[in-house]
Amino acid sequence: MKALKCRECGREYPLTATHVCEFDFGPLEIVYDYDRIKKSLTREAIASRAKSMWRYRELLPVQNEPTVGLQTGFTPLIKADRLARRLGIRELWIKNDAVNYPTLSFKDRVVSVALSRARELGFDTVACASTGNLANSVAANAAAAGLKAYVFIPADLEPEKIFNSVIHGAKVFAIKGHYDEVNRLCAEIAGKFDWAFVNMNLRPYYAEGSKSMAYEIAEQLGWRLPQHTVVPMASGSLLTKIHKGYQELLKLGLISAAEMHIHGAQATGCSPISAAHKAGLDFFKPVKPNTIAKSLAIGTPADGFYALKVMQETGGAAEDVTDEEICEAIKVLAETEGIFTETAGGVTVAVARKLIACGKIGRQDCAVLCITGNGLKTVDAVDGYAGNLREIKPSLREFETLLTDRQNIGASFTL
Amino acid sequence: MPTKVRIPTPLRKLTNNEDVVEVTAGTIGDAILELQSRFPGIQERLVDEKGEVRRFVNVYVNEEDIRFLENQQTTLKDGDEVSIIPAIAGG
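Line by line, the protein sequences give chains A and B.
In terms of the numbering used here, the first sequence opens at residue 23 and continues consecutively.
In terms of the numbering used here, the second sequence opens at residue 371 and continues consecutively.
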């Protein structure tokens, strides 16, 4: 990495814990010396390295060897033929971050980078504002790294996500409000305390971790770009970094240019980016979130503008789906591919279905779906959508009666 | 009484550390010019070379974002409150 650079005016800054341009308040982004990186980051070199996100080390913003999250990433890329048939597309892949190490979401990628960098910059305390998965990841990784952690979440988060942060010993603060209010509070706290807020003062480093998902997709497809990538959008950051990741691989000559569209997925109950895209606007109107997809419930997406730009530049579309469609999609993914994803993953699958149905993703095309978190974290959301448990006495007759009943009634299900 | 304009912390070094400033201009656009005449340098922090309000600067009139009013043509009357707030990243 070379410097921090403002995405709006281009002013450069040294690589410290800062994320906002002093001149026009634009977000700062890491810039790299790609000519130098090209010399060491070859396909052969990558293949010889450990199967983790850090095989792409030169493209991730830490100065020395990373110290947090060395086992993170390089999650399975599953060929999803049964889901492909169900959705009506020729070729479908699932990038399965629902099994990411250590906290079962893609956030482990960004936290691995942020905490490694926080250590380098001399911080002993890390923090974050979170809709759930980030808090889990910060709590767990900070514990393993011996760092103190403060996490801030909306008070109405899923119990599993709250527990998964508390158990690691992080100091968890549940704020009576929605995520944007948590964010505002954290901005004030970050201004007062000398903590490494992974998604604030360390945001430029943190955000880069998401690129590793894109690198892995390309490598696991045999060093090629997928025709379509469907990405869930909360702040919009992941979508923009998937794009940056693909662009960097092109720049380094690791893949060849090919047709590539990036589509964004949101829940209708919190769809500021999708609404703006569909209205042809290049700015979004902040909303008050109201959806079971709590991990995507950010009404004022910090990277909304850039996400809109990426979709426009790559000829991608944004779509949003209802809470009911989300639950049905979680079930279909589980039933066809044996992958249990949380509500954000349901959003991605349901939006992919919609885009295929309306032709924005062609039926003869190839698509990759980014599944970002595990279903065990949002179990209550699908309550009522899973099948029922049948209780019987230990009697063969009772069992056989029940078996015949179930075969007659069946469980017919269509999306 | 004229219109109050709240100045965000990062810009207060341009306004002699005043956090609230009063203007008599009739529109947001004129208010920015009025601020510039009193506090040189503030205009380019708020508005880009094309004359548009910078993307990561939010301007509110009585808590309404001017993007949903008339942008810089938004009229101001006595007693109105204008807030200039840099966008917060996060998430």
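Hints in this document: simulated from the structure, not taken from any laboratory.
Note that the structure is predicted; figures quoted are calculated from it, not measured.
Think of the CB as a built atom: it goes at the ideal place given N, C-alpha and C, for glycine as much as any other residue.
Be careful, since some hints might not be right.
Interface residues of chain A toward chain B, partial, derived using beta-carbon atoms under 10 Å [to be verified]:
(1) 35
(2) 38
(3) 39
(4) 42
(5) 44
(6) 48
(7) 49
(8) 123
(9) 215
(10) 301
(11) 402
(12) 405
(13) 407
Results of checking the hints against the structure:
Hint status for residue 35 (chain A): violated, given a least beta-carbon distance of 14 Å to chain B, over 10 Å. For residue 38 (chain A), the shortest C-beta to C-beta distance to chain B is roughly 16 Å, which exceeds 10 Å, and the interface hint is violated. The closest approach between the C-beta of residue 39 (chain A) and any C-beta of chain B is roughly 13 Å, which is over the 10 Å cut-off, so the hint fails. Interface restraint check: residue 42 (chain A) against chain B, minimum CB-CB distance 7 Å, threshold 10 Å, status holds.
For residue 44 (chain A), the interface hint holds, the least distance from its beta-carbon to any beta-carbon of chain B being 7 Å, beneath 10 Å. A least Cβ separation of about 5 Å between residue 48 (chain A) and chain B falls short of the 10 Å threshold, and the interface hint therefore holds. For residue 49 (chain A), the interface hint holds, since its Cβ comes within 10 Å of a Cβ in chain B; the closest pair sits about 6 Å apart. The closest approach between the C-beta of residue 123 (chain A) and any C-beta of chain B is roughly 23 Å, which is over the 10 Å cut-off, so the hint fails.
Evaluation of the residue 215 (chain A) hint against chain B yields a violated restraint, the C-beta minimum of about 16 Å exceeding 10 Å. Look at residue 301 (chain A): its Cβ only gets to about 13 Å from chain B, farther than 10 Å, so that hint breaks. Interface hint at residue 402 (chain A): violated, since its Cβ lies 23 Å from the closest Cβ of chain B, which is beyond the 10 Å cut-off. Taken as an interface hint, residue 405 (chain A) does not check out: its beta carbon lies about 27 Å from the nearest beta carbon of chain B, beyond 10 Å.
Violation of the interface hint for residue 407 (chain A) is found here, the shortest Cβ-Cβ separation to chain B being roughly 28 Å, above the 10 Å cut-off.
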